[in-house]
Amino acid sequence: MNTLTSQQRDALRELGNIGAAHAATTLSTMLMSNIEMTVPDISVVDIAKIHEHVGDELSALVIFQITGEVSGGGYVLLHIPKNSVIRLTNAMLGMTDMERDLTEMDQSALLEIGNIMVSAFLDATATLLSIIMLPSPPSMIIDMPHAAFQSILAIQAFSDIDQVVIFRTELHSDQHKISSNIFLLPNKPMLDEILAMLDNLMK
Amino acid sequence: MPSPDEQPVIVGIGEFATGRAPMSSIGLGSCIGLVIFDRDRSFGALAHIMLPDSQGRSDRPAKYADTAPSHLVKELTRNGCKTASLAAKISGGASMFQTFSGNLNIGERNIEAVRLELKKLNIPLIAEDVGGTVGRTIVYYPSENGKISIKTAGGTINII
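Top to bottom, those sequences are chains P and Z.
To convert, take the position in the first sequence, counting from 1, and add 71; that gives the working numbering.
To convert, take the position in the second sequence, counting from 1, and add 627; that gives the working numbering.
Hints listed in this document are in silico derivations from the structure and should not be mistaken for laboratory results.
Remember, it's a predicted structure, so these values are computed and weren't measured experimentally.
Please note: incorrect hints may appear among the correct ones.
Pairs of lysine-lysine, DSS-like flavour, derived with a Cα cap of 25 Å [said to hold, decoys possible]: (1) P:Lys-153 / Z:Lys-778; (2) Z:Lys-747 / Z:Lys-774; (3) P:Lys-248 / P:Lys-259; (4) P:Lys-120 / Z:Lys-778; (5) P:Lys-274 / P:Lys-153; (6) P:Lys-153 / P:Lys-120.
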């Protein structure tokens, strides 16, 4: 898996760029604010070094399994640190209290936002590939990002890997000081299939 | 003697460390942090176990519950520890998601596999903080006789 060519990286980055831009647009509409977005970062990461990419600070993670016309075993994660979650819910509901714990209200707002953003992300990438990709019903946890990543990579779909391709785009709103990340974790069969489709597209 | 606020060595998924300095594994989900330490010396080892069964793989012994315990024992005896003075503590093995397919509760299987292996090796398991649904960051302090500090994302701290 450690042999992504620069051409494959470029193609994946472009694919992710289109997906993330659509997700950013939905967030921008919901917040009525500008959303800045970084160029997607694609890393081939050894499992022992995942802690260099995601930490253990309290965060909300909305997690979707990718289903549809593509080999199963890929996940999309929307990651939002705790303070950004509170600012996000506050901005949407017109509240100002920052000194509070995360509540059910934050969770249901996040599930909704996550659903909308990730559907847009998958729709746009799938359209480019001329296939259908759908998010599973979301699973949400308020916990450590590293623990969530690790738990996902330990399930069977990843079949005892030593490395994983992590795709990450950061979205942030300067106005509301909200930062979030969209992660895409494809397993090997899904990555290979997407690379093959991209390869065909460029022929 | 390491000072209490010395930066711990980070032990990533599938890795292990041995020695006298503090060691840490960040964000254990279904993974297990296995500490085997010498009750007579300020010396021990930490493995960050990911999966229950190595299925014969031997290139990353600390990654699997069936190979990590014997690997740590070998490392410790190589460093002069007596098998009879070794003891173990474990943390982790949470089940963070219930909803995805193909998730046959790896956390629970990791816990069972480590317990079984320690029993085979005759290493007493003297403390554990396992299972549940939350992630854990652990720091192991060899200088404090096997002390492990376990933190959750919510900020609670448990010492075993």
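Here is what the structure says about each hint:
For a cut-off of 25 Å, the pair hint linking Lys-153 (chain P) to Lys-778 (chain Z) stands: about 17 Å separates their Cα positions. In summary, the hint linking Lys-747 (chain Z) to Lys-774 (chain Z) is supported, as the alpha carbons are separated by about 24 Å, within the 25 Å threshold. For the suggested pair Lys-248 (chain P) and Lys-259 (chain P), the alpha carbons sit about 36 Å apart, so the restraint of at most 25 Å is broken. Proximity of Lys-120 (chain P) to Lys-778 (chain Z) is assessed by CA-CA distance (about 20 Å); at most 25 Å being required, the pair is judged to hold.
Proximity of Lys-274 (chain P) to Lys-153 (chain P) is assessed by CA-CA distance (about 44 Å); at most 25 Å being required, the pair is judged violated. The hinted pair formed by Lys-153 (chain P) and Lys-120 (chain P) meets the criterion: a straight-line CA distance of about 23 Å does not exceed 25 Å.
Hint compliance for this structure: hints 3, 5 are broken, all remaining hints hold.
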